[in-house]
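Line by line, the protein sequences give chains A and B.
Per the working numbering, the first sequence starts with residue 1, numbered consecutively.
Per the working numbering, the second sequence starts with residue 1001, numbered consecutively.
Because the hints were derived from the structure by calculation, they are not lab data.
Note that CB positions come from ideal geometry on N, CA and C, so glycine has one too.
Hints are supplied without guarantee of correctness; some may be wrong.
[Unchecked claim] Chain B is faced by these chain A residues, among others (derived, beta-carbon under 10 Å): (1) F80; (2) M89; (3) A137.
[Claimed, not checked] Just so you have them, the derived chain B footprint on chain A, three or more residues with Cβ under 8 Å: (4) 44–53; (5) 81–87; (6) 100–109; (7) 165–172.
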Amino acid sequence: MNAIEIINLQKRYKDFHLKVDLILKQGETIGLVGPNGAGKTTTINLLLNIVKKDSGEVKIFGLDHIKYEGGIKERIGFVFEEQNFYKNMRIEQIIKFCGPLYPRWKAEYCASLLNRFNLPPRKKYGALSKGMKIKLALLIAFSSGGEFLILDEPTSGLDPKVRNEVLEEIERIKEKYSPSILFSSHLMPDVERIADNIALINNGKIILMEKKTGLKDKWKKITFINENISDLSANPDILRYQQLDKTRYFIITNTFSSGLISSLESSGSREIQIEELSLEEIFLECVQ
Amino acid sequence: MKDIKKIEILFKKDAFILKSYIISYFILYIILGGFTVALVYLSEGSINNFFFEFFLFLWGFVLAIGWAAYMPIRSITYEEKERTFKILKGLPFTNYHIFFSKLLSGYVWALIIFGVPGLTMLIHRYLFLRTIPEDVPTEFVDIVTLTGFIGLIFLLLLISALATSLYMNFKGSQIFVGVEILLIIFITFSIITHLVRKDSDIYLIPFLKFIKVAFLFSPLLAILCIFLGYKLFDKHKSYIKFQ
Chain A
1 MNAIEIINLQ
11 KRYKDFHLKV
21 DLILKQGETI
31 GLVGPNGAGK
41 TTTINLLLNI
51 VKKDSGEVKI
61 FGLDHIKYEG
71 GIKERIGFVF
81 EEQNFYKNMR
91 IEQIIKFCGP
101 LYPRWKAEYC
111 ASLLNRFNLP
121 PRKKYGALSK
131 GMKIKLALLI
141 AFSSGGEFLI
151 LDEPTSGLDP
161 KVRNEVLEEI
171 ERIKEKYSPS
181 ILFSSHLMPD
191 VERIADNIAL
201 INNGKIILME
211 KKTGLKDKWK
221 KITFINENIS
231 DLSANPDILR
241 YQQLDKTRYF
251 IITNTFSSGL
261 ISSLESSGSR
271 EIQIEELSLE
281 EIFLECVQ
Chain B
1001 MKDIKKIEIL
1011 FKKDAFILKS
1021 YIISYFILYI
1031 ILGGFTVALV
1041 YLSEGSINNF
1051 FFEFFLFLWG
1061 FVLAIGWAAY
1071 MPIRSITYEE
1081 KERTFKILKG
1091 LPFTNYHIFF
1101 SKLLSGYVWA
1111 LIIFGVPGLT
1121 MLIHRYLFLR
1131 TIPEDVPTEF
1141 VDIVTLTGFI
1151 GLIFLLLLIS
1161 ALATSLYMNF
1171 KGSQIFVGVE
1181 ILLIIFITFS
1191 IITHLVRKDS
1201 DIYLIPFLKF
1211 IKVAFLFSPL
1221 LAILCIFLGY
1231 KLFDKHKSYI
1241 KFQ
């Protein structure tokens, strides 16, 4: 069963047009990656019906996201980049406010997480640091008992220590409860660490959607030496190539296979080096 | 979870956020109430008590209408709209829950503000002032008494419904200014009619008739306003700018 199913979802603003298709299977994590303004947050807002869609179909747990909005949201935990809880409420009061909204609220887990995150229950939200605010939002989302977690830029603006703590907790909850997770971020290393699937979004369109392992296997940078190479652009497996000096070349491929190496070897290439591309490099290749 | 339970949770949250305002108003009541009661008992006879009642009524009425319009606007403006609307919509609330909890909170706070002076006034009237001065028009007394009180409750409901729904679609400040202007007109008119009533009933009577008709139709108008308000609210055109 799919946790989310987005078909031809569209939203048009004055200077921006979002058009998205996305599927996330239950228990999997998808990393929604893209630069600022690509449409990540808008997609999430549309998914949660915070912004009304112009057209398209959105199903969460197989149910229409507007018709069954309340019931669906009881099964979703979320973290936004900006938290905006009530600044005059204490941490314990925010927990008391949010807890009853979720029928599967995990009170014990919430208490243990409160400890692990070192969050002072009596402290007012307005007095918390950015890291603590994010931790509180994660605590609410994780304790909600939601089968689906939406994490919108949860690590941006955090110092490396807190960032690592947050990522560790996401990994822990993945291992313990296997929720479906939509992890949106422009921080590629974080997505690389958390996600099983990657969706690259740019200018309101998903430009690539693939399993992380598949992506890593298919996208390669190959460097080699060849004195008398013919036209590389004729090879359909080569996405882009560049001549580094007289005899040295590199190519980028998104359909890597042993066949490509054999064909390079048969054309007289030597000192062939194969490198894995980082998610960031893949994204840049896609955008270019 | 049942919808009514969610509205209750939102309402409790509003009560929590607004508790300092409620406490401050209760303190104000105690001070002003004590002052009024002291004045009543310190005065020589009951002939001037109408003015105390009138003052109390006017004060309660002005505060109530002001609050009925202001409270939903305030809670939406400073809490939901600018800081927390997104988080609320992320939680298992729909526009329906948010709208009705706002309406309920605006209405209940207004009722608290109006109810306390209103009840004080009624208790005062029936326990201590059994005779009403002859020069006070009967229609005016009607408004001050229970019939008028119930009518005003509906009027408050109407105003809070209007304020809540209109604010979400148009500019709240304009509405608030509009309500204030209406209040000033009402107060001025009340004072004028009160001053001229000994010479002529010409201003007072049509005004009171208008109030009575408004009271009669206010439940209907309130329902209509809530319906239209929710329809407008549900479109949430004004939320787009948050993205």
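For each hint, the structure was consulted:
Residue-level restraint check for F80 of chain A holds (minimum Cβ-Cβ distance to chain B is 6 Å; threshold 10 Å). Because the smallest distance between the Cβ of M89 of chain A and any Cβ of chain B comes to about 7 Å, under 10 Å, the interface hint for this residue holds. At its closest, the beta carbon of A137 of chain A sits 9 Å from a beta carbon of chain B; the interface hint therefore holds under the 10 Å criterion. Interface restraint, the stretch 44–53 of chain A with chain B: holds (6 residues with C-beta to C-beta distance below 8 Å; minimum three).
Counting residues of the stretch 81–87 of chain A whose C-beta sits closer than 8 Å to any C-beta of chain B gives 6, which meets the bar of three, so the coverage hint holds. With 4 residues bearing a CB less than 8 Å from a CB of chain B, the stretch 100–109 of chain A meets the requirement of three and the coverage assertion stands. Beta-carbon proximity to chain B at under 8 Å applies to 0 residues in the stretch 165–172 of chain A; the threshold of 3 is not reached and the given coverage is violated.
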